[in-house]
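Engineer: Quick mapping for you: the protein sequence lines, in order, are chains A and B. By my numbering, the letter at position 279 of the first sequence is numbered 279, and the numbering carries on one by one without gaps. Heads up, my numbering is the position in the second sequence plus 1000, with the first residue counted as 1.
If you are wondering where the hints come from, they were derived from the structure by calculation, not from laboratory data. Every residue gets a Cβ at the ideal spot worked out from N, C-alpha and C, and that includes glycine. Be careful, since some hints might not be right.
[Claimed, not checked] Not close to chain A: a few residues of chain B, all C-beta gaps over 12 Å, as computed:
#1 G1175
#2 V1239
#3 S1269
#4 L1337
[Unchecked claim] Which residues of chain B face chain A? A few of them, derived with a C-beta cut under 10 Å, are:
#5 F1159
#6 V1210
#7 F1213
#8 R1217
#9 N1230
#10 A1234
#11 F1236
#12 P1240
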Amino acid sequence: MSETVLDISQVSKRFGATLANDTISLSLERGEIIALLGENGAGKTTLMSMLFGHYTPDSGHISVMGRVLPPGRPKAAIRAGIGMVHQHFSLAPNLSVLENVMTGTESLWRPWSDRAKGRARLMEISARFGLKVSPDARLGDLSVGEQQRVEILKALYNDAKILVLDEPTAVLTNVEAEHMFGNLKDMARQGLSIIFISHKLDEVMATADRIVVLRGGRVVAERRAVETSKAELAGLMVGREVKRPLREPATPGAVVLEAKAVTLREGGVERLKAVDFHLRAGEVLGIIGVSGNGQAALARLTGGLARRSAGEITLFGQPVGDLSVREVVGAGIGRIPEDRNHDGVIGEMAIWENGVLERLPEFTRGGLVDRKAGMEFARRIIEGFDVRGGTPASRIRLLSGGNMQKLILGRNLIEHPKILIAAQPARGLDEGAVAAVHERILAARRAGTAVLLISEDLDEVMALADRIQAITGGRLSPPVRPEGINARQLGLMMAGEWGAAEHAV
Amino acid sequence: MRFERREHIPPALAVLTPLIAVAISLALAGGLIALAGAPVLTAFGKIITGAFGSKLAVTETLARTAPLILTGLAAAVAFRARLWNIGAEGQLYLGAIAVAAASAHLFGGLPGVVQIPLLFVTGALAGMVLLLIPLWLRLRFQVDEVVTTLLLNFVALLFVSMLIDTVLKDPLAFGWPQSVPVASQAELPKIIPRSRLHIGLLVAVVLAFVVHFIQSRTAFGLQSRAAGLNPSGAAFAGVPLGRTLLLVAMLSGGLAGLAGAVEVMGITSYVTTELSPGYGYSGIVVAMLAGLNPLGVVLAALFTAVMFVGADAMSRSLAVPSYIADVTVALSLLTMLVAIFFTQYRIRR
Ligand SMILES: Nc1ncnc2c1ncn2[C@@H]1O[C@H](COP(=O)(O)OP(=O)(O)OP(=O)(O)O)[C@@H](O)[C@H]1O
Ligand SMILES: [Mg+2]
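Next up, chain A with everything else stripped away, as it sits in the complex (with noise of 0.2 Å):
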């Protein structure tokens, strides 16, 4: 009794020399769950926005239920019934969760908005589908994983039948993340049909139905879930067959950096408390933890973006006091940001400015910036981390995920930092492109870098970290070795139980 929700046909795209879709087709049955897997720059969001109408397609042609849809009409494509939520939140954080649901929804000509009767149905839908939220919450006051909840809902508010989802997981926790795709089946039963957009193999092969994978803008292929595995649709998304790289053992050197009984408070909040750690040359410190937990002040205060209320740190063995941005980089720290977009990249400004911006004093003589220094320094950079899709020249906002981030560590790691901290290095990025950034950590750690590695991601930890400790609540625990602890022992320690750690290093 399957029926056809959504027929794409031949469709193709091109940006300039780039064929970012290259005859698409793809279907979608009622009530299925489909995973769009691919590399980064193979093509998903593109194919997903010409979907919801942001792009019109070259050619071919895209019909919901039976139904050609007129091609870049985003409003044609909401009353056709899809549903999409980006990967950027497009809400209000001033609005409340209803006032959000219900922008857009009614005409700009009525004279008021029936504000009861979209409660009503707000908390329908909610209760329906399983999706608490509070209507009257400020939207800016929710955790990322209850704004995206809002978003869903938003869609199911416009009576979407067909849910479109850009890589949800990437900013969630692995728990918002589980509880998310829990929804989502819940959803499919009821009828909805899914198709979301991710990196992240394990939960493809736990939540999809059917699994159709992205190359070079082409579809190469499609597998139903029950019957693929893991390496398989590694192998399917790069073409060949990708390993993560493991550390191999190595004798670190000197303490570099030594934190103790440092603190954090901000706006009244304790983000770290009393925290101790010590970082030795070309060894990797993994610090595990659900996010939320004090990653961000960690990575902020050893990056020169906050300042501690107490405690100690010590710099190559000598006693520092709060360091600038400028004073880090040029201490030799190497950073990378948990948030490309927001902190990374300024996506207007050309690559060759966001790679030199960081370090404007040495590209610069006498006030004016040593502009051919600077492409060269880009051109390196592009050459030697295999950065596709752009030029020095071209905005870096044109670059996609995988592509930025390489760049990023490229501009980290070309002048041989004694020190890199690395927050959450692999969010977002494909299996080939995780590969290839553990690979580059790795070699860092050989050419003696000390690595900090914040991150959430439990098998990424175990590969790479020399020492591993937990951060919850703003603590750390004591660390331990990978080699001496299992999984769950690390999620124990993750949830702040640190018997697991009295064999500490």
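Once you've looked at the hints, dock chain B with the ligands against the given chain A.
Structural biologist: Same frame as chain A, but now just chain B with the ligands:
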């Protein structure tokens, strides 16, 4: 219907759309002129001859271009860094009154070569000071500078009108509220003798190139652009946001103050409350027309001055109400802005 930013601007479009804009604005203005009972084509002719038709007309247009370039630059520099300085008008007046006071009471005896540069600096400093107040309020208390700069315009104008009625009042002006004049050595040399066209225009054009150079080549220029485009990204990269904004404010306020200095020293030689026909506000339009590009500001200021002077001459010689001239100017600026928008964006249905 949506707008999508063009990655490449076709050159034909860049040339054609402004022309279409002028045509549309003339057509609209033509309707009004016809309603006022004047011959439309003659009126258009008068706009052109009024702005270019004689040596006098050309010099008058160019003389008006000078302050517009400076206020246009003031807005462009600030807006690029997302510092919303709407206060160029007040900064202009404060610059002007500072120059009049300094020339009359401090530097009056100095020869022109010394006094003129000193007065330029004085005017610029006065403009800077007036913008530093809103900047401080923004950095310290997050007060929106759109509101504070706008309100300070009225404060500045009232302050000036108090001064020219009291301590800085010209005793020889038969009781008119006007300031003491600048010393004769401080009057700007004329580019063309016996016209109103003075070297302020050259100063303004040179400054446009200087600002362009600063923005495109210096570390400060790069940092101020970064701070405007993505403050948190800029902070992550170590751009000192406060200091960068401070420099931007000094540059922007200084340029606006200089506009006042140039008007006093080049045209009027004293300050009244009618010194500026809204140059400060028009500067915002000029900057937008120029897409915040400092060299574009020169052309945009010229266009704006042509419309001002031409429309003025038209209304005078045909005896149509002067508000039609104002509407014509406003229409032309508006259609030009829309046209420039369409060269940068395309419509998607
Ligand atoms: N507006 C645009 N202009 C020019 N090129 C673009 C544009 N949007 C996307 N591209 C290019 O098209 C290709 C596909 O991009 P798309 O965003 O669809 O990739 P993706 O599969 O979503 O990647 P990611 O996993 O990194 O999000 C990339 O090479 C990208 O650089
Ligand atoms: Mg994408």
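Engineer: All hints, please: hold or fail.
Structural biologist: We went through each hint and held it up to the structure:
no.: 1; hint: G1175; result: 51 Å, holds
no.: 2; hint: V1239; result: 7 Å, violated
no.: 3; hint: S1269; result: 37 Å, holds
no.: 4; hint: L1337; result: 21 Å, holds
no.: 5; hint: F1159; result: 36 Å, violated
no.: 6; hint: V1210; result: 13 Å, violated
no.: 7; hint: F1213; result: 9 Å, holds
no.: 8; hint: R1217; result: 5 Å, holds
no.: 9; hint: N1230; result: 4 Å, holds
no.: 10; hint: A1234; result: 7 Å, holds
no.: 11; hint: F1236; result: 4 Å, holds
no.: 12; hint: P1240; result: 8 Å, holds
When held up to the earlier numbered hints, the structure conflicts with 2, 5, 6 and fits the remainder.
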